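Trainee: Sequence:
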Amino acid sequence: MQRKKMSRYGFMLSVIACIGMSVGTAYAQGDALNDGTLRGQITDTTKLRHQDQRAVARYITAWIGQELILTGDQRKNLEQSLLDATANESFPTLLDATEKSMHLFEIDILEALHLIDDELKISLEELLTQAQYHLLQGIAAKKMATGNKVQVEFQLRSFAIAKLRAHANLLGTLNKEASRRLSAVEGVVVQQYIDAQDTDPEATYRETAAKLRQAVEAGEMTDKQVDERLDALKQELWNEYGAIRWREPNGDITRNPLFQKIIKDVLSEEAFRQYTAHQTERDNWHQHALRDVAVASLGTPLVLNDTQRKQLTAIAAELTVDLLKTDALPSMVYQLLQRTDQEMLSPWQQEVFTSMKAGFERQFRK
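Going by the working numbering, the first residue of the sequence shown is number 1, and it counts up by one from there.
If you're looking for bench data, these hints aren't it; they were derived computationally from the structure. Note that the structure is a prediction, hence the values are computed from the model and not measured. Any given hint might turn out to be false.
Straight-line alpha carbon distances no greater than 27 Å define the calculated DSSO-like cross-link-like pairs of lysine-lysine that follow [to be verified]:
#1 Lys310 / Lys76
#2 Lys176 / Lys143
#3 Lys325 / Lys149
#4 Lys310 / Lys264
#5 Lys211 / Lys224
#6 Lys357 / Lys234
Pairwise CB distance ranges (calculated) [to be verified]:
#7 Thr320 / Asp117: 36 to 46 Å
#8 Asp341 / Ala140: 43 to 53 Å
#9 Glu270 / Asp231: 43 to 53 Å
#10 Glu207 / Leu324: 18 to 28 Å
#11 Ser355 / Asn305: 13 to 23 Å
#12 Arg362 / His50: 40 to 50 Å
#13 Ala112 / Asn175: 28 to 38 Å
#14 Ala196 / Met144: 41 to 51 Å
#15 Gln338 / Arg255: 21 to 31 Å
#16 Asn175 / Asp118: 36 to 46 Å
#17 Leu230 / Gln342: 47 to 57 Å
#18 Gly172 / Ala314: 32 to 42 Å
#19 Glu269 / Ala215: 46 to 56 Å
#20 Asn305 / Asp227: 20 to 30 Å
Backbone N, C-alpha and C define an ideal beta-carbon position, used for all residues, glycine too.
Just need the whole structure built from these sequences, with the hints factored in.
Mentor: Now the structure itself:
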């Protein structure tokens, strides 16, 4: 499968991995600091790799779990299957300065499925329900949608229906009236999803810029005012749409307010409480997975000892990000970089941390 070019978030892992290599090289050459901190904090490489692999396995599981609407038991089974496959050289890790590690921050859904099924030899078909397997096929069709507008819309519609139906399966056995109401609202929700695909934030930016330039020519605004307005708009569009070109359009269709309202209406009070609890548990599990990867992303190149890693984990435990945006993982790392108290680090770790933070902030803010 052809990979995309590494984006600015791939750069983050490049920085992390290369710094980790330079630290290891310095240690190998006997370039330990006077206080012996470096030698004292170098832990078993096997332990570092295990920590990285567990974090990566949980992250991939959380992401696939959100895309394919996995149950808690299915997530546990997939995570264990990934952990069982860590000996495979194709397993991505944060420890190595390789393409497979750098690409983790922006991995495409089809690449993730290719990694799991073809490279790690984990059969998703055996794990998934029929509705989830149809959703998997719908995801593939949507990501590879080509042709004229009618053909593309058909593929998007097929995906949207598959996702709604896979999600509806989580509700358990419904009576005929409940099933009828869900089926009736399905078409409306899908059409709203299709209509939303026409939203083009880049076009919005271009149109606004053109109007503002006209205002300059008319003497109604200055160039500085235009630049300030466009900078604010760019930030607003970023907050709303994330990385525009590779964002999953318009979030998760299963969270459509109308769809959620019907679910609440057709379920008993107790059944809806359980449904909401399961959704919250899934989101919390995903947040936890992002925190684990963020901690591993910083902990490995900084060669943190157990005490320091526990401190970093405690900081990460208070962080949350918007799970519906494709920049969720780099956002988590960015927050952790900002919140980390450098006083917990040794002098050489502070130097490495400062370089990591500066490099990431330059890329994150572009």
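Trainee: Has the hinted range 21 to 31 Å been met by the Cβ atoms of Gln338 and Arg255?
Mentor: At 28 Å between Cβs, range holds.
Trainee: Has the given pair, Lys357 with Lys234, been kept, meaning a C-alpha gap of at most 27 Å?
Mentor: Between Lys357 and Lys234 the Cα gap is close to 23 Å, so the pair holds against 27 Å.
Trainee: Range first: 36 to 46 Å. Now tell me if the beta carbons of Thr320 and Asp117 are that far apart.
Mentor: violated, 31 Å
Trainee: Confirm or reject the claim that Gly172 and Ala314 have a C-beta distance inside 32 to 42 Å.
Mentor: holds, 38 Å
Trainee: Does the hinted range 28 to 38 Å hold for Ala112 and Asn175 at CB?
Mentor: Given a distance of about 37 Å, which is inside 28 to 38 Å, the answer is holds.
Trainee: Does Lys264 sit within 27 Å of Lys310, going by the straight-line distance between their CA atoms?
Mentor: violated, 40 Å
Trainee: Range hint 47 to 57 Å: satisfied by the CB atoms of Leu230 and Gln342?
Mentor: The hinted range 47 to 57 Å is violated for Leu230 and Gln342, with Cβ atoms some 35 Å apart.
Trainee: Is the hinted pair Lys176 and Lys143 satisfied, with a Cα-Cα distance of at most 27 Å?
Mentor: Roughly 34 Å separates the two Cα atoms, so the pair is violated.
Trainee: Is the hinted range of 46 to 56 Å satisfied by the C-beta distance from Glu269 to Ala215?
Mentor: This hint holds: roughly 55 Å between Cβ atoms.
Trainee: Confirm or reject the claim that Asn305 and Asp227 have a C-beta distance inside 20 to 30 Å.
Mentor: Violated, at about 47 Å.
Trainee: Do Asp341 and Ala140 keep their Cβ atoms within the hinted range of 43 to 53 Å?
Mentor: holds, 45 Å
Trainee: Go ahead and decide if the range 18 to 28 Å is satisfied by the Cβ distance of Glu207 to Leu324.
Mentor: With a Cβ separation near 25 Å, Glu207 and Leu324 satisfy 18 to 28 Å, so the hint holds.
The structure does not agree with the numbered hints 2, 4, 7, 12, 14, 17 and 20 stated previously, though it agrees with the rest.
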